[in-house]
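Participant: The listed protein sequences correspond, in order, to chains A and B.
Its first residue numbered 1, the first sequence is counted upward by one per residue in my numbering.
Its first residue numbered 1, the second sequence is counted upward by one per residue in my numbering.
Careful: at least some of the hints might be erroneous.
Short derived list, chain A residues pointing at chain B, Cβ under 10 Å [said to hold, decoys possible]:
1. 41
2. 42
3. 159
4. 170
5. 284
6. 298
Some residues of chain B that are not near chain A, with every Cβ distance over 10 Å (derived) [as the list claims (entries may be wrong)]:
7. 54
8. 103
9. 149
10. 296
11. 313
Just so you know, the hints here were simulated from the structure itself, not pulled from any lab data.
Note that the Cβ used here is the ideal one computed from N, Cα and C, for glycine as well.
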Amino acid sequence: MTNLRQSTVREKADSTKQMALAIGSAKPPRRSALRMMLPTLTPWLVVGLVLIVGITLFGVLGPLFVMDPTTIRDIGLRGPSSEHILGTTQTGQDVFAQLAYATRGSLEIGLIVGVLATIFSALFGILGTYIGGFADETFSLISNVFLVIPGLPLVIVISGFVPPAARGLWTIAVVLAITSWAGAARVLRAQTLSIRSRDYVAASRVAGERAWRVIAVEILPNLLPVLASQFVFAVIAAILGEAGLSFLGLGASNSSTLGTMLFYAQNGFALPLGAWWWFVPPGLIIALFGMGLSLVNFSIDEIINPKLKNVRLHRKRARAVARRLRAGKDDR
Amino acid sequence: MNYYLRKLGFYAVALWAALTLNFIIPRLMPGNPIDILLAKLQQRGGTVNASTRHALELLLGGDSSQPVIVQYIQYLGNVLRGDLGTSVTYFPAPVTEVIGQSLPWTIMLVGISTVIATMIGVGLGAFAGWKPGTWLDSLVPATTLLAAVPYFWLALIFVYFFATTMHILPSQGGYDVVLTPGWNAEFIGSSIRYGFLPALTIVIASLGGWLLGMRNMMVSTLSEDYILTAQAKGLRSGRILRTYAARNAVLPSVAGFAISLGFVVSGSIVTEQVFSYPGIGSKLLSAVTNNDYALMQGIFLYITLAVLGANLIVDLFYGVIDPRTRARS
Numbered sequence: 001m002t003n004l005r006q007s008t009v010r011e012k013a014d015s016t017k018q019m020a021l022a023i024g025s026a027k028p029p030r031r032s033a034l035r036m037m038l039p040t041l042t043p044w045l046v047v048g049l050v051l052i053v054g055i056t057l058f059g060v061l062g063p064l065f066v067m068d069p070t071t072i073r074d075i076g077l078r079g080p081s082s083e084h085i086l087g088t089t090q091t092g093q094d095v096f097a098q099l100a101y102a103t104r105g106s107l108e109i110g111l112i113v114g115v116l117a118t119i120f121s122a123l124f125g126i127l128g129t130y131i132g133g134f135a136d137e138t139f140s141l142i143s144n145v146f147l148v149i150p151g152l153p154l155v156i157v158i159s160g161f162v163p164p165a166a167r168g169l170w171t172i173a174v175v176l177a178i179t180s181w182a183g184a185a186r187v188l189r190a191q192t193l194s195i196r197s198r199d200y201v202a203a204s205r206v207a208g209e210r211a212w213r214v215i216a217v218e219i220l221p222n223l224l225p226v227l228a229s230q231f232v233f234a235v236i237a238a239i240l241g242e243a244g245l246s247f248l249g250l251g252a253s254n255s256s257t258l259g260t261m262l263f264y265a266q267n268g269f270a271l272p273l274g275a276w277w278w279f280v281p282p283g284l285i286i287a288l289f290g291m292g293l294s295l296v297n298f299s300i301d302e303i304i305n306p307k308l309k310n311v312r313l314h315r316k317r318a319r320a321v322a323r324r325l326r327a328g329k330d331d332r
Numbered sequence: 001m002n003y004y005l006r007k008l009g010f011y012a013v014a015l016w017a018a019l020t021l022n023f024i025i026p027r028l029m030p031g032n033p034i035d036i037l038l039a040k041l042q043q044r045g046g047t048v049n050a051s052t053r054h055a056l057e058l059l060l061g062g063d064s065s066q067p068v069i070v071q072y073i074q075y076l077g078n079v080l081r082g083d084l085g086t087s088v089t090y091f092p093a094p095v096t097e098v099i100g101q102s103l104p105w106t107i108m109l110v111g112i113s114t115v116i117a118t119m120i121g122v123g124l125g126a127f128a129g130w131k132p133g134t135w136l137d138s139l140v141p142a143t144t145l146l147a148a149v150p151y152f153w154l155a156l157i158f159v160y161f162f163a164t165t166m167h168i169l170p171s172q173g174g175y176d177v178v179l180t181p182g183w184n185a186e187f188i189g190s191s192i193r194y195g196f197l198p199a200l201t202i203v204i205a206s207l208g209g210w211l212l213g214m215r216n217m218m219v220s221t222l223s224e225d226y227i228l229t230a231q232a233k234g235l236r237s238g239r240i241l242r243t244y245a246a247r248n249a250v251l252p253s254v255a256g257f258a259i260s261l262g263f264v265v266s267g268s269i270v271t272e273q274v275f276s277y278p279g280i281g282s283k284l285l286s287a288v289t290n291n292d293y294a295l296m297q298g299i300f301l302y303i304t305l306a307v308l309g310a311n312l313i314v315d316l317f318y319g320v321i322d323p324r325t326r327a328r329s
């Protein structure tokens with residue numbers, strides 16, 4: 001559902017080499033390994049973190065404070081007022097209360113699918129590549145095939161065959177995860193390929209380490225930024241995918257997410273009636289949360305791809321030099 | 001192995017996988033679609049006898065009289081002959097006919113808006129990445145908002161502004177219903193007017209992804225030695241931008257087309273629903289709500305075929321524009 005693309009394979013494979021060079025040659029000023037793994041605090045990163053933390057708090061704590069979202073009142077469709085901050089639906093239900101519960105539902109599904117999809121992609125991307133040979137070829141073929149088969153149509157067809165009674169939260173989550181892991185697996189494969197051929201990996205294999213230990217201790221730590229970035233993508237894609245599915249009325253039954261809210265808004269004629277307070281907030285929360293996650297991903301990208309980071313450092317240094325020059329002129 | 005042969009082989013495997021998924025899904029899922037279907041068919045005046053049941057079973061699975069592998073071969077045979085069964089919703093039209101009517105709408109809508117979005121996105125991305133650190137470049141992170149907006153919500157907002165509030169553009173349908181479809185100026189003008197908002201939705205929602213990808217590749221490309229060489233030769237910066245930097249930076253965008261197209265197609269299905277656009281997405285949804293399994297599977301197959309076909313073309317094209325891919329294999 002989203003058009004956010006993972007940076008391409010070649011780019012990341014290149015950047016791993018670059019990263020190794022950068023770590024190797026960067027003597028002064030020395031940065032600890034942990035520091036290298038953490039993103040630099042930029043204004044955009046701060047905006048992203050504020051959006052994520054704000055919306056997550058709203059979803060987690062919000063439902064504790066709002067009124068019952070299902071209470072039907074005889075006031076009908078009303079605009080925002082002091083009593084109902086975001087107005088009411090056509091059956092007099094409080095939109096703000098619904099929004100809090102729906103945000104919680106969407107975050108839940110995003111988290112579940114994000115974890116599942118990351119596990120799938122790690123399984124196909126890292127394990128297959130490490131074993132190499134036939135397993136690698138097969139795993140790579142499977143992920144490439146899943147990559148070109150369009151996801152949402154497949155999900156719609158699957159949901160169409162599952163009777164609504166059996167369409168629970170976990171069914172939808174598993175279906176979304178199955179259709180969304182492939183892109184990440186491809187990126188992980190490229191990275192693993194480049195790390196697998198490093199000397200220290202070869203050394204630990206020669207030393208007789210078990211395969212799981214080599215993967216977990218030697219390879220996985222180097223893949224953490226990539227895995228983090230893929231996880232963030234998976235969460236965005238899952239929230240968007242679930243919203244689309246629920247908007248079409250094919251989502252998990254008896255769950256309330258931002259998508260179901262929009263479904264009811266559309267079917268309650270919110271558009272012709274001009275009830276913007278009903279359909280604008282749910283989509284805005286999805287968009288802002290997705291934006292927050294992408295901004296964090298931007299910063300993770302700078303760790304993976306130092307070329308992008310250097311641009312910012314250069315710019316900063318150039319600005320500092322310019323300032324010093326200007327200050328020097330003023331002195332004279 | 002030859003690059004082109006390998007690509008063709010891969011897409012053959014992908015096609016087979018899609019066909020097989022289509023065969024497996026109904027058999028894995030709970031519930032018996034055939035009973036629901038036969039009841040529906042009877043309601044609409046279709047004759048139901050043992051052979052109808054058998055035909056449906058062949059198509060949807062559950063033909064218990066034969067082993068799965070025989071069912072599978074019969075299914076593949078049916079698909080290859082172009083026999084996708086009969087639609088229940090549009091009875092007695094065969095599925096291929098229903099799809100044939102709606103497919104052009106979607107192909108035009110998605111095709112035109114994808115081309116526009118790609119050109120604008122890649123163009124803007126090239127300029128943003130060319131001069132990193134300018135005001136244009138510092139605005140780039142804001143485009144992540146565009147990339148994270150749900151297609152259908154953007155569609156709702158556009159309908160609210162342009163149709164409900166300002167009454168400039170129509171909000172429902174693909175053309176003015178008083179006109180008969182045909183290749184005349186009046187009808188084409190009407191379909192452009194009706195298609196404008198859906199297209200705008202797809203363009204705006206998919207622009208951000210292209211822009212970001214291109215911008216990042218542009219920044220990476222600028223640190224290559226051949227750019228430095230070109231600058232040292234004293235070439236004009238416009239020439240370096242176009243023929244040296246952008247040409248190389250655009251390659252991953254072309255290669256990433258596969259993933260993007262899948263997303264655009266997915267987004268357009270939901271967008272069509274908002275606008276009641278007469279395309280394949282709306283048909284898919286009406287098939288799902290009416291338990292029209294034959295139509296549902298047929299549409300999934302066609303969408304997959306279209307995406308695979310587009311990707312195959314892009315991959316073959318990629319082999320032409322980037323000789324390294326041919327040399328590597």
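Participant: Would you mind marking each hint as holding or not holding in the structure?
Facilitator: How the hints compare with the structure:
1. 41: Status violated, d = 14 Å.
2. 42: Since the shortest Cβ distance to chain B is 9 Å, the answer is holds.
3. 159: holds (7 Å)
4. 170: Not OK, violated: residue 170/A not within 10 Å of chain B, min 14 Å.
5. 284: holds (8 Å)
6. 298: holds (6 Å)
7. 54: holds (20 Å)
8. 103: holds (13 Å)
9. 149: violated (4 Å)
10. 296: violated (5 Å)
11. 313: holds (12 Å)
The structure fails to meet hints 1, 4, 9, 10 from the earlier list, while all remaining hints are met.
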